[in-house]
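Engineer: Sequence:
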Amino acid sequence: MMPPVEDEQSPAEGGEGARGFVLLRALKSGSARKGCDPFAQTQRSKLQHRRARINQQINKEMRMRAGAENLFRATSNHKVKETVALELSYVNSNLQLLKEELEELNSCMDVYQNESESISVPMIPLGLKETKELDLLVPLKDFISEHYGEDGVLFEKEIKEFMELRQAMRTPSRNEAGLELLMEYYNQLYFLDSRFFPPNKSLGVFFHWYDSLTGVPSHQRALAFEKGSVLFNIGALHTQIGARQDRASLPGLNQAIDAFQKAAGAFNYLKENFSNAPSLDMSAASLNMLVRLMVAQVQECVFEKVTLLRAQKDFLTWLQLAQEAARVEDVYSLVHQTMTQAHVKDYVPFSWTTMVHVKSEHFKALSHYFSAIALCDCPAASDAELPEHEKAFLQFHVTMPEGPSLRVLLQDPEERRKLGKAHLKKAIMKHEEAMRIHGLCKILRKMDILQEVLSFAHKRSLSKYSEIDHEEDFFETGDAPDIHPKTHQKPEIKSPSFSQVKVTDLFHRLGPLSVFSAKNKWYPVRRVHLMRGENGFGFTLRGDSPVLIAGVIPGGCAAEAGLKEGDYIISVNGKDCRWSKHAEVVQLLKSTGDEGVEIGVITLQGSEGPKAAEKKAAAMSSGSGLLKSNKENSRKSLMNSKSASTLLAWNKKSKRSKNSTYSVPFTAVGDNEVMY
Numbered sequence: 001m002m003p004p005v006e007d008e009q010s011p012a013e014g015g016e017g018a019r020g021f022v023l024l025r026a027l028k029s030g031s032a033r034k035g036c037d038p039f040a041q042t043q044r045s046k047l048q049h050r051r052a053r054i055n056q057q058i059n060k061e062m063r064m065r066a067g068a069e070n071l072f073r074a075t076s077n078h079k080v081k082e083t084v085a086l087e088l089s090y091v092n093s094n095l096q097l098l099k100e101e102l103e104e105l106n107s108c109m110d111v112y113q114n115e116s117e118s119i120s121v122p123m124i125p126l127g128l129k130e131t132k133e134l135d136l137l138v139p140l141k142d143f144i145s146e147h148y149g150e151d152g153v154l155f156e157k158e159i160k161e162f163m164e165l166r167q168a169m170r171t172p173s174r175n176e177a178g179l180e181l182l183m184e185y186y187n188q189l190y191f192l193d194s195r196f197f198p199p200n201k202s203l204g205v206f207f208h209w210y211d212s213l214t215g216v217p218s219h220q221r222a223l224a225f226e227k228g229s230v231l232f233n234i235g236a237l238h239t240q241i242g243a244r245q246d247r248a249s250l251p252g253l254n255q256a257i258d259a260f261q262k263a264a265g266a267f268n269y270l271k272e273n274f275s276n277a278p279s280l281d282m283s284a285a286s287l288n289m290l291v292r293l294m295v296a297q298v299q300e301c302v303f304e305k306v307t308l309l310r311a312q313k314d315f316l317t318w319l320q321l322a323q324e325a326a327r328v329e330d331v332y333s334l335v336h337q338t339m340t341q342a343h344v345k346d347y348v349p350f351s352w353t354t355m356v357h358v359k360s361e362h363f364k365a366l367s368h369y370f371s372a373i374a375l376c377d378c379p380a381a382s383d384a385e386l387p388e389h390e391k392a393f394l395q396f397h398v399t400m401p402e403g404p405s406l407r408v409l410l411q412d413p414e415e416r417r418k419l420g421k422a423h424l425k426k427a428i429m430k431h432e433e434a435m436r437i438h439g440l441c442k443i444l445r446k447m448d449i450l451q452e453v454l455s456f457a458h459k460r461s462l463s464k465y466s467e468i469d470h471e472e473d474f475f476e477t478g479d480a481p482d483i484h485p486k487t488h489q490k491p492e493i494k495s496p497s498f499s500q501v502k503v504t505d506l507f508h509r510l511g512p513l514s515v516f517s518a519k520n521k522w523y524p525v526r527r528v529h530l531m532r533g534e535n536g537f538g539f540t541l542r543g544d545s546p547v548l549i550a551g552v553i554p555g556g557c558a559a560e561a562g563l564k565e566g567d568y569i570i571s572v573n574g575k576d577c578r579w580s581k582h583a584e585v586v587q588l589l590k591s592t593g594d595e596g597v598e599i600g601v602i603t604l605q606g607s608e609g610p611k612a613a614e615k616k617a618a619a620m621s622s623g624s625g626l627l628k629s630n631k632e633n634s635r636k637s638l639m640n641s642k643s644a645s646t647l648l649a650w651n652k653k654s655k656r657s658k659n660s661t662y663s664v665p666f667t668a669v670g671d672n673e674v675m676y
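The opening residue of the sequence shown carries number 1 in full-length UniProt numbering; numbering runs sequentially from there.
Think of the hints as simulated: they come from the structure by calculation, not from any bench. Check the hints yourself; a few may be wrong.
What the hints assert, rightly or not - Just the calculated beta-carbon pair ranges, DEER-fashion:
| no. | residue 1 | residue 2 | range |
| --- | --- | --- | --- |
| 1 | Asp-469 | Lys-391 | 28 to 34 Å |
| 2 | Arg-436 | Gln-167 | 44 to 50 Å |
| 3 | Gly-67 | Arg-436 | 40 to 46 Å |
| 4 | Arg-445 | Glu-402 | 38 to 44 Å |
| 5 | Ser-145 | Ser-275 | 32 to 38 Å |
| 6 | Asn-273 | Tyr-523 | 32 to 38 Å |
Unchecked claim - Restricting the straight-line Cα-Cα distance to at most 25 Å, the calculated cross-link-like pairs of lysine-lysine (PhoX-like) are:
| no. | residue 1 | residue 2 |
| --- | --- | --- |
| 7 | Lys-442 | Lys-99 |
| 8 | Lys-459 | Lys-313 |
| 9 | Lys-305 | Lys-132 |
| 10 | Lys-391 | Lys-157 |
| 11 | Lys-519 | Lys-141 |
| 12 | Lys-313 | Lys-564 |
| 13 | Lys-521 | Lys-564 |
| 14 | Lys-490 | Lys-305 |
| 15 | Lys-391 | Lys-486 |
| 16 | Lys-345 | Lys-99 |
| 17 | Lys-313 | Lys-132 |
| 18 | Lys-60 | Lys-132 |
| 19 | Lys-160 | Lys-519 |
| 20 | Lys-160 | Lys-132 |
| 21 | Lys-590 | Lys-575 |
| 22 | Lys-425 | Lys-459 |
| 23 | Lys-201 | Lys-521 |
| 24 | Lys-502 | Lys-160 |
| 25 | Lys-521 | Lys-581 |
Backbone N, C-alpha and C define an ideal beta-carbon position, used for all residues, glycine too.
Working from the sequences, and respecting the hints, build out all of it.
Structural biologist: Written as structure tokens, this is what we have:
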């Protein structure tokens, strides 16, 4: 079932009105979570509203088709078969029309472009994946009661805060604040995974997400699907931020380059760390295509940057522009090849494939046009300039042009004109091919800016050709060799930097993750009353948060009271000590009077018993050191660590550090162990 229409509006809109409305509503409810107002009637929200309606209709038609096909196979009545076959033809026809309408909406690139009056070639952004609302209140409360032995009602505030964060990230604003919101939610998923998702047991919650291009619904119980979908939206939001920049200015170009590089990094990270995706937009083939598309758009921005910076155009500058344009053509050709592969061809919108093909031809034409300008408009090389010009020209063409020697070519104006004319001829052919391909796509024909850019470039080349064409030219214009692609700034794939957004575990009251996690199990809490003997309590303490009973002296007070090595102290005289440091617990024990002290302890399942003790003793005697513990053992915030690798790699087991241990024989007292 598709969700209600109002649940599926996910505008990546960052208008002040929308932000203010949601912020006011959040403050009234005591929440600081800010997303965009999903009901704000912006152009983007209307687009998402229409998408949701079409998705519902497609889902309905697909169910009808499945039912009709089952009936067609099951019945033996000839009349019924004819009726069902007729109904199937109507359903398939409706489905085709709906899919075409959805493709046109998903190809709506102009919505995300910048509003500057300057003319720029449009970029290709991605819409965000949409998701259903998710109610985690009951499942998490039940898990807290069952697994942690705590009253789940006491954690309703934390659960609701997490759900508010998820609700806000469904509609992130199209700016840095929106990116931070998505990253904050992704970082919290690390803690949610560690706290509530055991390795061999499902929480019973389904995560529903919709394909960003087709709207086809998918769902999984695995939290990895939720993480992957959020990562995808981080990449998609970067593409929208990049597309909206004013690329007529240097700051706008730098921001666009940064945004598209970060988008490429997000999609590449997702491709390398997420497999068996249930939706096509997160398949390896689609992500590979998206990475290449983002790299190509970065390269296009680099070309525009070079054009902007090189105000004074001389011979070498024109050659550089030609090679930059050839590089853009090269990367867009690779993207076009990727888009026309079998696993991607039927999925990618036709307007995307056409746009990429048009850009490939357009930039190839530009590379030849700039070559002609360098040869025809710049004066012949002087003796002083000749060595530098020769060096640059030797590496300029893929194959050296036929005709006179390089020195003669560079110093003879007529020879330069002939080669320039050949380049212009090829430029005009490529401009016309770009315009022909552009005319094949109905959606692109509606984009006035693109039409204007292509038409202007074509007329400019024609005008230049007429200018240098002489009536007395009896020679046949040769075929100009292609330009060798070269760039001064290679695109960089920037992986997501999650550590920049610091978060605190919402459920830190449950205790340190090193012990109190979904993968660990422990016996019920034991309350032990201890009286101080002549030699103290008779045990050894070690570590922090929580403090570990590393050893118990046989015959001592602790042993008689039933304490065991490997027990964790979680309370002293009713005071919660799960997050307490070693010195704090020691101080509580030392302040005990004649009435004794009550200690609350837990024992991890699998860490107790003679065999476990023997193994630990062997480990100590062999010099292997302490058993490793989770890095979160002594801190609440993950982001204080030097690396976020444990956060990012959800499919890898986190390693334990040397900060603490499950238990250590009391006979092997370390430097930081003290007898009490």
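Engineer: Now tell me if each hint is right for this structure.
Structural biologist: Going through the hints against the structure:
1. Look at Asp-469 against Lys-391: about 31 Å separates their beta carbons, and that is inside 28 to 34 Å.
2. Remark: the range hint 44 to 50 Å for Arg-436 to Gln-167 is upheld by a beta-carbon distance near 48 Å.
3. Distance hint for Gly-67 and Arg-436: a CB-CB separation of about 45 Å, consistent with the stated range 40 to 46 Å.
4. In this structure the supplied range 38 to 44 Å holds for Arg-445 paired with Glu-402, their Cβ-Cβ distance being about 40 Å.
5. At about 34 Å, the CB distance of Ser-145 to Ser-275 agrees with the hint of 32 to 38 Å.
6. Separated by about 36 Å at the C-beta atoms, Asn-273 and Tyr-523 satisfy the suggested range of 32 to 38 Å.
7. For the hint linking Lys-442 to Lys-99, the alpha-carbon distance of about 15 Å falls within 25 Å, and the restraint holds.
8. Of the supplied pair hints, the one linking Lys-459 and Lys-313 holds, its CA atoms being roughly 21 Å apart against a limit of 25 Å.
9. Restraint check for Lys-305 and Lys-132: the C-alpha separation of about 41 Å exceeds 25 Å, so the hint is violated.
10. Our distance criterion of 25 Å between C-alpha atoms is broken by Lys-391 and Lys-157, whose separation comes to about 70 Å.
11. Between Lys-519 and Lys-141, the direct Cα distance comes to roughly 17 Å. Compliance with the 25 Å bound is thereby established for this hinted pair.
12. Among the hinted pairs, Lys-313 with Lys-564 is inconsistent with the structure: their alpha-carbon atoms are about 82 Å apart, more than 25 Å.
13. With a C-alpha separation of about 17 Å, the suggested pair Lys-521 and Lys-564 falls inside the 25 Å cut-off, and the hint holds.
14. Of the supplied pair hints, the one linking Lys-490 and Lys-305 holds, its CA atoms being roughly 13 Å apart against a limit of 25 Å.
15. Pair hint Lys-391 plus Lys-486 holds up; C-alpha atoms about 15 Å apart against a cutoff of 25 Å.
16. Restraint check: the Cα-Cα separation between Lys-345 and Lys-99 comes to about 15 Å, which is no more than 25 Å; the hinted pair holds.
17. In summary, the hint linking Lys-313 to Lys-132 is not supported, as the alpha carbons are separated by about 55 Å, beyond the 25 Å threshold.
18. With a CA separation close to 17 Å, the supplied pair Lys-60 and Lys-132 stays within the 25 Å bound.
19. Of the supplied pair hints, the one linking Lys-160 and Lys-519 holds, its CA atoms being roughly 24 Å apart against a limit of 25 Å.
20. Straight-line distance between C-alpha atoms of Lys-160 and Lys-132 comes to about 16 Å, which keeps the hinted pair within the 25 Å bound.
21. Taking the CA atoms of Lys-590 and Lys-575, the gap is about 14 Å. The hint holds against a cut of 25 Å.
22. Taking the CA atoms of Lys-425 and Lys-459, the gap is about 13 Å. The hint holds against a cut of 25 Å.
23. Straight-line distance between C-alpha atoms of Lys-201 and Lys-521 comes to about 13 Å, which keeps the hinted pair within the 25 Å bound.
24. In summary, the hint linking Lys-502 to Lys-160 is supported, as the alpha carbons are separated by about 20 Å, within the 25 Å threshold.
25. Pair hint Lys-521 plus Lys-581 holds up; C-alpha atoms about 23 Å apart against a cutoff of 25 Å.
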